[in-house]
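If you're matching them up, the sequences are chains A and B in order. Each residue of the first sequence is one higher than the last, beginning at 1 in the UniProt record's numbering. Each residue of the second sequence is one higher than the last, beginning at 1 in the UniProt record's numbering.
Just so you know, these hints were derived from the structure itself, not from any lab. Note that the coordinates shown come from a computational prediction; the quantities given were computed from them, not determined experimentally. Warning: the hint list may mix true and false statements.
Said to hold, decoys possible - A few chain A residues that face chain B, going by a derived Cβ cut-off under 7 Å, partial list only:
| id | residue |
| --- | --- |
| 1 | K35 |
| 2 | S53 |
| 3 | G57 |
As the list claims (entries may be wrong) - Below, computed lysine-lysine pairings styled on DSS-like, alpha-carbon distance capped at 30 Å:
| id | chain 1 | residue 1 | chain 2 | residue 2 |
| --- | --- | --- | --- | --- |
| 4 | B | K162 | B | K135 |
| 5 | A | K126 | B | K164 |
| 6 | B | K69 | A | K142 |
| 7 | B | K164 | B | K53 |
| 8 | B | K157 | B | K52 |
| 9 | B | K52 | B | K164 |
| 10 | B | K135 | B | K48 |
| 11 | B | K75 | B | K162 |
| 12 | B | K157 | B | K48 |
| 13 | A | K200 | B | K229 |
| 14 | B | K75 | B | K229 |
| 15 | B | K162 | A | K142 |
Idealized CB from N, CA, C, for every residue including glycine.
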Amino acid sequence: MLIFVISAIDFHMPPICSPIVRPGRPAEASPMVSKQLSNTISSSRMTDLKELSLVSGKAAWMAYLDIYCLDADGALFDAALLSAIAALSHLQIPSIAMNDDGKIVLVSDEDGQKRAQEPVNKEKRKLTLRSIPFSLTCILHKNYILADPTAEEESIMETHVTVVLDTSGQLISLYKPGGPVLAYTSAIQDCAALTRQRVKELNNFLDKANSAMEV
Amino acid sequence: METDRPDGRTPNQLRPLVCSCSILHRSHGSASWAQGETKVLAAVYGPKAGTKKSENPEKASIEVIWKPKTGQIGKVEKEYEMILKRTLESICIRTIYPNTTTSVIVQVVHDDGALLPCAINAACAALVDAGIPLKHLAVAICCSVTDSGCIILDPTKDEEEKMKAFINLVFPNTIVSVLPEGSLQAGSEPMAHGIMTSITQGAMSVDDYLHCLERGRAASARLSEFVRKNIELKSTSEASKAG
Numbered sequence: 001m002l003i004f005v006i007s008a009i010d011f012h013m014p015p016i017c018s019p020i021v022r023p024g025r026p027a028e029a030s031p032m033v034s035k036q037l038s039n040t041i042s043s044s045r046m047t048d049l050k051e052l053s054l055v056s057g058k059a060a061w062m063a064y065l066d067i068y069c070l071d072a073d074g075a076l077f078d079a080a081l082l083s084a085i086a087a088l089s090h091l092q093i094p095s096i097a098m099n100d101d102g103k104i105v106l107v108s109d110e111d112g113q114k115r116a117q118e119p120v121n122k123e124k125r126k127l128t129l130r131s132i133p134f135s136l137t138c139i140l141h142k143n144y145i146l147a148d149p150t151a152e153e154e155s156i157m158e159t160h161v162t163v164v165l166d167t168s169g170q171l172i173s174l175y176k177p178g179g180p181v182l183a184y185t186s187a188i189q190d191c192a193a194l195t196r197q198r199v200k201e202l203n204n205f206l207d208k209a210n211s212a213m214e215v
Numbered sequence: 001m002e003t004d005r006p007d008g009r010t011p012n013q014l015r016p017l018v019c020s021c022s023i024l025h026r027s028h029g030s031a032s033w034a035q036g037e038t039k040v041l042a043a044v045y046g047p048k049a050g051t052k053k054s055e056n057p058e059k060a061s062i063e064v065i066w067k068p069k070t071g072q073i074g075k076v077e078k079e080y081e082m083i084l085k086r087t088l089e090s091i092c093i094r095t096i097y098p099n100t101t102t103s104v105i106v107q108v109v110h111d112d113g114a115l116l117p118c119a120i121n122a123a124c125a126a127l128v129d130a131g132i133p134l135k136h137l138a139v140a141i142c143c144s145v146t147d148s149g150c151i152i153l154d155p156t157k158d159e160e161e162k163m164k165a166f167i168n169l170v171f172p173n174t175i176v177s178v179l180p181e182g183s184l185q186a187g188s189e190p191m192a193h194g195i196m197t198s199i200t201q202g203a204m205s206v207d208d209y210l211h212c213l214e215r216g217r218a219a220s221a222r223l224s225e226f227v228r229k230n231i232e233l234k235s236t237s238e239a240s241k242a243g
């Protein structure tokens with residue numbers, strides 16, 4: 001089940017989002033962000049995969065997560081991860097029943113006849129999210145740390161560090177793929193402190209957005 | 001309190017390292033790097049004239065092709081290619097040969113854990129063998145964290161599956177210099193302590209990450225000594241053949 005969830009995460013960059021993306025073959029950054037997203041979501045154990053199981057050994061939910069970038073202006077992974085978390089927190093799993101043939105059937109609330117079948121999930125419900133990961137991308141340049149860079153800043157300076165922390169303070173990912181500037185311990189600690197601050201802000205923002213959507 | 005590892009190693013012990021250079025004839029530089037059962041073959045061609053359309057022709061560009069042992073190239077291999085490309089770009093002096101492309105082909109011979117650090121080490125040895133101008137070498141190491149918080153270096157495939165988290169770290173090679181000690185410092189820390197590349201998998205606390213950094217730095221010093229010996233031995237033997 002874990003394999004299905006991981007392989008179903010895709011990050012698409014259509015040519016509309018950036019002048020450097022050409023139609024046809026996928027953009028260079030696209031598989032990088034997809035793999036990073038899969039790694040982050042599986043590492044954080046944000047969702048309990050047993051929740052997605054319907055009948056042991058027979059049927060389970062498969063979640064497809066497709067993220068489309070409309071405007072690429074830097075820090076793509078941060079935006080992709082935040083949108084993935086918002087989408088998963090908004091996900092609703094419909095109620096399911098198994099009929100006499102052993103097949104899975106959607107249960108409609110209005111259909112009284114189908115209610116006679118044994119329900120597997122009794123009501124429409126949301127996914128339970130445990131500790132939620134949030135990320136912050138920084139650029140290192142000499143002694144400076146530049147948080148949340150734009151596309152122009154990213155193209156000029158080549159050393160990116162992405163720190164992902166979850167709401168319980170665990171380090172989910174620290175991603176620095178090369179770059180001419182070396183990251184020392186003080187820079188790592190500063191990036192982690194900036195990310196902790198951002199985790200609080202984004203968590204509040206997500207809570208407000210979700211509670212506003214409930215009404 | 002030391003955990004028993006299945007192959008009898010202590011937590012800080014690396015698997016035996018084997019490095020061979022100049023094993024392919026057509027390539028300008030080649031190297032085979034093995035850490036235990038994990039083995040990677042790297043070949044370097046170039047600098048060749050011309051640059052890809054998406055690259056900057058004012059600098060030398062580096063192209064990395066990653067070939068897995070079996071199957072097609074997927075997202076995992078694409079990510080490895082990108083990490084390797086950016087790591088090698090940061091150690092090469094790219095202003096010397098503008099409008100050229102250097103190809104680095106990495107062939108995985110066997111994967112028994114810690115594959116990406118092995119490939120980075122092999123690629124660096126191949127670049128040296130090809131005579132590509134470098135600022136310094138890069139040494140790569142994999143640290144892993146168990147559920148009980150113990151830190152283990154250079155995990156095997158079986159150990160990787162049981163670990164809570166692991167980190168691939170790349171540091172610059174330690175520098176042996178006749179200059180005064182202060183010139184190798186970058187602020188308050190020596191240059192070899194800076195992180196070039198860091199790729200993590202799994203969740204851990206920030207303190208665990210910093211502990212892994214310390215272990216990784218100590219192990220990279222040993223790796224640096226190993227790399228230096230291998231390269232010096234090769235050049236010495238070639239000089240004796242010429243004489």
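Evaluation of the provided hints:
no.: 1; hint: K35; verdict: 4 Å, holds
no.: 2; hint: S53; verdict: 22 Å, violated
no.: 3; hint: G57; verdict: 22 Å, violated
no.: 4; hint: K162(B) / K135(B); verdict: 37 Å, violated
no.: 5; hint: K126(A) / K164(B); verdict: 28 Å, holds
no.: 6; hint: K69(B) / K142(A); verdict: 40 Å, violated
no.: 7; hint: K164(B) / K53(B); verdict: 42 Å, violated
no.: 8; hint: K157(B) / K52(B); verdict: 37 Å, violated
no.: 9; hint: K52(B) / K164(B); verdict: 41 Å, violated
no.: 10; hint: K135(B) / K48(B); verdict: 20 Å, holds
no.: 11; hint: K75(B) / K162(B); verdict: 23 Å, holds
no.: 12; hint: K157(B) / K48(B); verdict: 37 Å, violated
no.: 13; hint: K200(A) / K229(B); verdict: 49 Å, violated
no.: 14; hint: K75(B) / K229(B); verdict: 36 Å, violated
no.: 15; hint: K162(B) / K142(A); verdict: 38 Å, violated
Hint check: violations occur at hints 2, 3, 4, 6, 7, 8, 9, 12, 13, 14, 15; the rest are consistent with the structure.
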